[in-house]
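Peer 1: Here is how the chains run, residue by residue.
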Amino acid sequence: MDTKTLVEALKLERLEVNLFRGTTPEEESRERIYGGQVIAQSLLAAYQTVEERICHSLHCYFIRPGDPNIPIIFEVDRSRDGGSFTTRRVVAIQHGQQIFNLAASFQVAEDGYEHQSDMPAAPKPEEVESDIELQRRMLKDAPPASRAWLDRPQPIEMRTVGGRFDVGNPEPREPNQQVWFRAKDAIEGHDHMHQVILAYASDMSLLGTAVRPHGVSWRTPGFQSASLDHAMWFHQPTDFNEWHLYHQESPSASGGRGFNLGYIYRASDGALVASCAQEGLMRMRKARPAK
Amino acid sequence: MSETDAQDETLVETLQLERIEMNLFRGTSPDNSPGRIFGGQVIAQSLLAAYETVEARVAHSLHCYFIRPGDPTVPIVFEVDRSRDGGSFTTRRVVAVQHGKQIFNLAASFKDPEEGFSHQAVMPEGPHWSELRDQMEVMRELMKNAPEEAKRWMSRSPPIEMRSKDARTYFLDGAKEPVAQNWFRCRTPIGDDAHMHQVILAYASDMNLLSTAMRPYGVHWQTPGLQSASLDHAMWFHKPTDFNQWHLYVHDSPSASDGRGFIRGQIFAEDGTLVASVAQEGLLRMKPPK
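Those protein sequence lines, which keep their order, are chains H and Z.
All the letters of the first sequence, read from the start, carry residue numbers 1 to 291 under the working numbering.
All the letters of the second sequence, read from the start, carry residue numbers 1 to 290 under the working numbering.
It is possible that some hints are incorrect.
[Claimed, not checked] Calculated cross-link-like contacts (lysine-lysine; reagent style DSS-like; alpha-carbon spacing at most 27 angstroms):
#1 H/184 to H/11
#2 Z/111 to Z/239
#3 Z/144 to Z/165
#4 Z/144 to Z/111
#5 Z/111 to H/286
#6 Z/239 to H/286
[As the list claims (entries may be wrong)] Not everything, but these chain H residues come out facing chain Z in the computed CB check (under 7 angstroms):
#7 103
#8 115
#9 254
#10 259
Since the hints were derived computationally from the structure, they do not count as laboratory data.
The structure presented is a predicted model; accordingly, all values stated were derived computationally and were not measured.
Glycine residues also receive a C-beta, built at the ideal position from the N, C-alpha and C atoms.
With the hints as extra help, turn the sequences into a complete structure.
Peer 2: Here it is in structure tokens:
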């Protein structure tokens, strides 16, 4: 799926003033819906009920695994249309049950106080191998079906500094990482699509940060991980066709959960364009007898 | 007035809810509330309303939006949506209503305690609470020429005791770094109920946070023309804790732009255990001169 296909696939059908229907792109996995897709579609549903204002934050919970084989219904609650802020809540429903909720706030653009934390040092994106290239190298002897899967077009290009930790041997590392990412092809349509695609991409790799010190990965037998929530603050508009540095750190893991913070900087001028926070489930299933 | 002044009621009593129906609750604000309800009160009461519908599980996160200013003169109605009762997780949403309108929403997740992978950020260096003075005491001293009404407000002993290394410079103009450290704890007894410690920690986590984003601009909540208000609030509870004991609340503000400031916070127990993380965005704007 290329970027253009993604933008098209995220689009919603309006069933009623506050009710929308979306589907999962055909090229996606048929096992469960990728979290970033539901975030992006819920944000789009909210945007459909907001005039001329820009999203500055969103908070979501993943409640149940999404079923990619049937549509998702998005129900919008118009919490408030205020003088400078608009608030919305969205519930995503499948099989009569809530799978996801989002709350978001929108604001008229204004000027004012400005400060930001500096972009941390990182090797340039041109100096970092893309995650896909690395996976191709690691899997060069894999069966053709696996290699074909790696050759499919990707909407988001990712380059993890130091290589994706979960490829190969996940030896314990520091609970922080840096990923360069951008939308691979031009994002067309409404200005807010850059924000929506950034939200889509922000659910990638973040959860893995808390896992790094513990010598496991999603390939480790018995290891269970899933995004539990996701929050995002948009500090300023950006062009997600440009490279952005996703700087991630995990201040905590405890009680079967890992907590991660992410900061998204634009490569061209170092501007902090968004911040993210996410908690994820990370646990070893009770040991089963070895095969 | 001494720090140990008896309170008419404890914070636990102030926050108490009346159950109207299975998923419907009503709370009130203390008589001495200023013109609008303190945000932390609505966070705490909403979390409590959610807890009333959850059996034996512990909150590990909450996310809220402040939608309209709360009116302390009328009750608040809390409506709970039982989003999911799952095998390991319980999810709830709460809407707080006044005058027929939503003033606030919260979503929260609960789970059974479990053991597992563990790491945490290190508590930063800073002065110990025993070396610092009570924030109200310092403010009373700094504002001894303030109007009678302000002095009356400052004469009370608030339920959350706060000691900040910046208390003395708080009302001084001039740019400062967007970082801050406060020691705090609940002065009134919370009791044995572990989830009440969490509820009151959530109450207190809305205090002093937004002012960290104002520090680079030499302004504070009393600067004429400055408009400031919490917009959202998110909190992750990493470990249970006893909030009648001192905790260090560390803030930094990675961003201000577009009339908003963003602040993150970390709450450490005195032994250095990271017990909670916080994130908040607030409105931060100078009213254009008329």
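Peer 1: Which numbered hints does this structure break?
Peer 2: 4
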